[in-house]
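A.B. asks: What follows is each chain in one-letter form.
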Amino acid sequence: QKEVEQNSGPLSVPEGAIASLNCTYSDRVSQSFFWYRQYSGKSPELIMSIYSNGDKEDGRFTAQLNKASQYVSLLIRDSQPSDSATYLCAVKGYGQNFVFGPGTRLSVLP
Amino acid sequence: ETGVTQSPTHLIKTRGQQVTLRCSSQSGHNTVSWYQQALGQGPQFIFQYYREEENGRGNFPPRFSGLQFPNYSSELNVNALELDDSALYLCASSLGGDSPKQQFFGPGTRLTVL
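So the protein sequences, as listed, match chains A and B.
Quick note: the first sequence uses the working numbering, first residue 1, plus one each step.
Quick note: the second sequence uses the working numbering, first residue 111, plus one each step.
Among the hints, erroneous ones may be present.
[As the list claims (entries may be wrong)] Covered by chain A, according to a simulated footprint, are these stretches of chain B (three or more residues, beta-carbon under 8 Å): (1) 138-152; (2) 172-184; (3) 213-221.
By construction, these hints were calculated from the structure, which means they are not laboratory data.
C-beta atoms are modelled at their ideal positions from N, C-alpha and C, and glycine is treated no differently.
Kindly produce the complete structure, drawing on both the sequences and the hints.
C.D. replies: What follows is the structure, given as structure tokens:
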């Protein structure tokens, strides 16, 4: 059973702080890793993808991947109230379907 | 906007009924995946269609079935509805069959079974 785990939260951070979201996965052959943002009542929106070990930065977002530790994280710098949402981690191996974690609820306090 | 559309937006059915949900993929995408998302949980993979053929299935019973059409739009059919089928049903389109790099979600259909 392939599993993706995330802390359900809520994770509360003050406006302007760094929010750190973590995800672990069980399948060692996983190759592709994604972070989706989901606002309440809406569908998931892709915000980051990462395929190689290390860091990948896109604006205020940085994804970090460590395949040896089976760990992927998302950092959000200068957090804004509009970042308040549920963040879903998704993992995929070649020829396999996407497996999603349960999501972490982030609350950015003004 | 991802260019992926779903209909209807909301649907209310009673236990035992049948439902058909529809999805139009993003232009140029040949793969559609369907997910069920219960409240407070992550999306659960139902199945995927690639070039009109089923290309992978999650842990869902046979009463969940689907189709993909030549224009790559897709349907999800659920027979003998149960109360636990109440959820947000998401379709996601992508390009590439077995190894799509990214997939993009439609707005979802909220199904309520009474």
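A.B. asks: With reference to the structure, classify each hint as holding or not holding.
C.D. replies: Against the structure, the hints:
no.: 1; hint: 138-152; in the structure: holds (count 5)
no.: 2; hint: 172-184; in the structure: violated (count 0)
no.: 3; hint: 213-221; in the structure: holds (count 6)
Going through the hint list in order, the structure does not satisfy hint 2, though it satisfies all others.
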